[in-house]
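Q: Chains as they are written, first to last, in numbering that gives the first Met the number 0: chain A, 0 to 315; chain B, 0 to 318.
Derived by calculation from the structure, the hints in this document are not laboratory data. The model shown is predicted, which means the values in this text are computed figures rather than measured ones. Just to be clear, a hint being listed does not mean it is correct.
Some chain B residues close to chain A (C-beta under 10 Å, calculated; not the full set) [unchecked claim]:
| id | residue |
| --- | --- |
| 1 | S246 |
| 2 | L247 |
| 3 | L260 |
Computed list of lysine to aspartate or glutamate pairs in DMTMM-like fashion (alpha-carbon distance at most 20 Å, straight line) [unchecked claim]:
| id | chain 1 | residue 1 | chain 2 | residue 2 |
| --- | --- | --- | --- | --- |
| 4 | B | K240 | A | D221 |
| 5 | A | K287 | B | D297 |
| 6 | B | K240 | A | E312 |
| 7 | B | K111 | B | E86 |
| 8 | B | K250 | A | D219 |
| 9 | B | K282 | A | D219 |
| 10 | B | K240 | A | D230 |
| 11 | B | K293 | A | E312 |
We put the CB at the ideal spot given by N, CA and C, even for glycine.
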Amino acid sequence: MLADVRHQTEAVRYLRRFVDGALTSPVLLVGASGVGRRFSVQQAVSEAFCMGERAPKCDCYSCLTIIQGTHPDFVTLTADSKDIGVDAVRDLTAKARDYPSVASMRCFLIDGADRFTVPAANALLKTLEEPPAKSRFFLISETSEQVLPTIRSRCGQLRYNRLPEAFVLSVLLQYEHDDAKALVYSRMGEGSAGNAIQYWGAGRLSLRDQVFRVVQNALDRDLAALFSSVDAMEKDIPLALKFLEQLLHDVLMIRVDPMRVIHVDRMADLKALEPKTSLRVWVNLANKARALQGQYRTTPVHLPFHLKTIFTESFI
Amino acid sequence: MAAKSSFKPFVISFGKEDFLLDRDLYKARQWVGRRTILLDGEEINGEQLVSLCDGYSENPRTIIVDNAHKMKGDKPFRAYIESKQPEDSSVIIVGIVRSEKLPDVWSLAMAKGKGYERKAFKSWDNSALSTWIKLEVGNLKSSIDDETIKFLIQCVGTDLYRLSNEIKKLALYAGSLGKIQRDHIVLVTTTSPKADQFMLSEAVMAKDARRALNTFSNLYKMSGDDCLVLVVRALMRQVEKTALIRSLLDKGVSETDIAVLVGMKEWPFKNVAAPIARKHDLKSLLKHMGQLCKLDADVKGPARSKRTLVELTMLSIAQ
Numbered sequence: 000m001l002a003d004v005r006h007q008t009e010a011v012r013y014l015r016r017f018v019d020g021a022l023t024s025p026v027l028l029v030g031a032s033g034v035g036r037r038f039s040v041q042q043a044v045s046e047a048f049c050m051g052e053r054a055p056k057c058d059c060y061s062c063l064t065i066i067q068g069t070h071p072d073f074v075t076l077t078a079d080s081k082d083i084g085v086d087a088v089r090d091l092t093a094k095a096r097d098y099p100s101v102a103s104m105r106c107f108l109i110d111g112a113d114r115f116t117v118p119a120a121n122a123l124l125k126t127l128e129e130p131p132a133k134s135r136f137f138l139i140s141e142t143s144e145q146v147l148p149t150i151r152s153r154c155g156q157l158r159y160n161r162l163p164e165a166f167v168l169s170v171l172l173q174y175e176h177d178d179a180k181a182l183v184y185s186r187m188g189e190g191s192a193g194n195a196i197q198y199w200g201a202g203r204l205s206l207r208d209q210v211f212r213v214v215q216n217a218l219d220r221d222l223a224a225l226f227s228s229v230d231a232m233e234k235d236i237p238l239a240l241k242f243l244e245q246l247l248h249d250v251l252m253i254r255v256d257p258m259r260v261i262h263v264d265r266m267a268d269l270k271a272l273e274p275k276t277s278l279r280v281w282v283n284l285a286n287k288a289r290a291l292q293g294q295y296r297t298t299p300v301h302l303p304f305h306l307k308t309i310f311t312e313s314f315i
Numbered sequence: 000m001a002a003k004s005s006f007k008p009f010v011i012s013f014g015k016e017d018f019l020l021d022r023d024l025y026k027a028r029q030w031v032g033r034r035t036i037l038l039d040g041e042e043i044n045g046e047q048l049v050s051l052c053d054g055y056s057e058n059p060r061t062i063i064v065d066n067a068h069k070m071k072g073d074k075p076f077r078a079y080i081e082s083k084q085p086e087d088s089s090v091i092i093v094g095i096v097r098s099e100k101l102p103d104v105w106s107l108a109m110a111k112g113k114g115y116e117r118k119a120f121k122s123w124d125n126s127a128l129s130t131w132i133k134l135e136v137g138n139l140k141s142s143i144d145d146e147t148i149k150f151l152i153q154c155v156g157t158d159l160y161r162l163s164n165e166i167k168k169l170a171l172y173a174g175s176l177g178k179i180q181r182d183h184i185v186l187v188t189t190t191s192p193k194a195d196q197f198m199l200s201e202a203v204m205a206k207d208a209r210r211a212l213n214t215f216s217n218l219y220k221m222s223g224d225d226c227l228v229l230v231v232r233a234l235m236r237q238v239e240k241t242a243l244i245r246s247l248l249d250k251g252v253s254e255t256d257i258a259v260l261v262g263m264k265e266w267p268f269k270n271v272a273a274p275i276a277r278k279h280d281l282k283s284l285l286k287h288m289g290q291l292c293k294l295d296a297d298v299k300g301p302a303r304s305k306r307t308l309v310e311l312t313m314l315s316i317a318q
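So here's chain A without its partners, still in its complex pose (with noise of 0.2 Å):
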């Protein structure tokens, strides 16, 4: 029940419209990932199909089929590896003519409104643009820039806030028992509960801690060193660009104000890499990295080749 999503007071009041059956238009739910976005139209959704009393962990048919994914008439569609194509989205629209098979309405949830291919994003241009009378619209985007504007021009935008890293951490330490790494987790989340939940479940302090040693191989000046490193973590260079930027953050807070730091379990090491080097290089590379990350948004460039040349720009 929409009772259940906590901090995003905002969406919660704007969903609560749709439950009423005040909100028919299309919605773009923007937000980082792990927020919240797909968990509150769910939880909206089961409480507008509920047969029960609409009470938290109801356990009628529509409730529970809605968090199986099972309803027919809450559909889901998600961009994985690829972009959405035009096949997906006919058959997405052909549903939504449909009459609902259980429920008063039809749900459906786009998750990866960003991700459209152009024929797909004009395939669904007039639906959206005049939904049939028994369908719901759920469009999910990080970022609403990303989102064509044809699109986001027809659809209300809701936004979601960042958690709070006490909620974080209160979801962590129910999977981590070990306070400190909870912690460190927490705060790599950035305040997306689903993003720390993902890297402790994936074990990613040790891809931080190779960023940590491509850091120190690069102040070392060893080319051989900064490139192999770099190398060996290839295929999560995406995500070693995030912790790259984790840590570039720490260098530069660990004096102005220690209780900020991200990687608390590496307090003594960032303690150490701080002075050497000046704060202008640090602060460009910084902003360097996070350049990086924007322009790997939308081109996709080699980061290999552009990591290796930030790292030597700034210290070789």
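Since the structure of chain A is already known, use the hints to place chain B on it.
A: Same frame as chain A, now just chain B:
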């Protein structure tokens, strides 16, 4: 009764160059006046081979064993070799050993007959390849000079099957007793995109702007804008490698150690990679890395006149 001729009872051809081995096999099949039996070493054993040799027949026979190194059951064949008279050529066994190491039994056969080693040309050893190309062209009653040979290798690559076919085309185009020219290559040959990217990046790093632009032009003619991403990737790889080599050279690491570190064999490293690295200094190479990053984003993004951008960067590196 044994027939007397210039033929030896055993002819062994071994090595890794499939093109030359195939040619030997083809030649053996063309020997006139002999019945030819072609066998695969994978499918027969020594005993079966000997039984084919011993059978009485009036006609002289050539038994060709392809993939001879895979043949099993040496003993009967070894006994056959030992008992064979060196001047008896009624049955000639041609062994095509597609391996650099000659198995003992075929070494024994070679000692009683003739042997040819067909080493694969190293991709970096252009002099051996040049000699071979000259020979091939000469056999077709044409001629070619060294510069044109280099250009031919750049365009076609080092695969002998492709080279042989292209040479035949060129010889026909140049006409009997004619000389193969650079223009003929541009007009007639089908260039190899893979070889082109490699040659192009090598030419850029060797500061041979003319060769680099020519190769790029050929490549662009073949594949249009599609080749740009691949060319930039090849340049990135080459600049990165050169920067690494240069930094190690500056640190005084021995060439042998650097060759191992960058995963190259010593000879091509000393003769190709190291001289190229010495033409650049580390500072300029790192600057080129920055340029290539920008170029990478440009060719994959919506930039206009991408070809010109690539050419500009190539020239800037080759200066």
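Q: Using the nearest Cβ pair, does S246(B) come within less than 10 Å of chain A?
A: holds (4 Å)
Q: Would the hint linking K111(B) and E86(B) be met if the CA-CA limit is 20 Å?
A: holds (9 Å)
Q: So if I understand the rule, the pair passes when the alpha-carbon distance is 20 Å or less; does K293(B) with E312(A) pass?
A: Cα-Cα ~13 Å, so holds.
Q: Check whether the Cα positions of K240(B) and E312(A) lie no farther apart than 20 Å.
A: Holds, at roughly 16 Å.
Q: Are the Cα positions of K240(B) and D230(A) separated by 20 Å at most?
A: holds (13 Å)
Q: Does the structure keep K287(A) and D297(B) at a Cα separation of 20 Å or less?
A: holds (17 Å)
Q: Is the hint on L260(B) kept, meaning its closest Cβ partner in chain A is under 10 Å away?
A: Result: holds, 6 Å to nearest chain A Cβ.
Q: Restraint: L247(B) near chain A, CB-CB cut 10 Å. Satisfied or not?
A: Holds, because the Cβ-Cβ distance from L247(B) to chain A comes to roughly 6 Å (cut-off 10 Å).
Q: Are the Cα positions of K282(B) and D219(A) separated by 20 Å at most?
A: Roughly 17 Å between the alpha carbons, so the hint for K282(B) and D219(A) holds.
Q: Do the alpha carbons of K240(B) and D221(A) lie within 20 Å of each other, as the hint requires?
A: holds (14 Å)
Q: Are the Cα positions of K250(B) and D219(A) separated by 20 Å at most?
A: Given that 20 Å is the threshold and the Cα spacing comes to 13 Å, the pair holds.
In the structure shown, no violation is registered for any of the earlier numbered hints.
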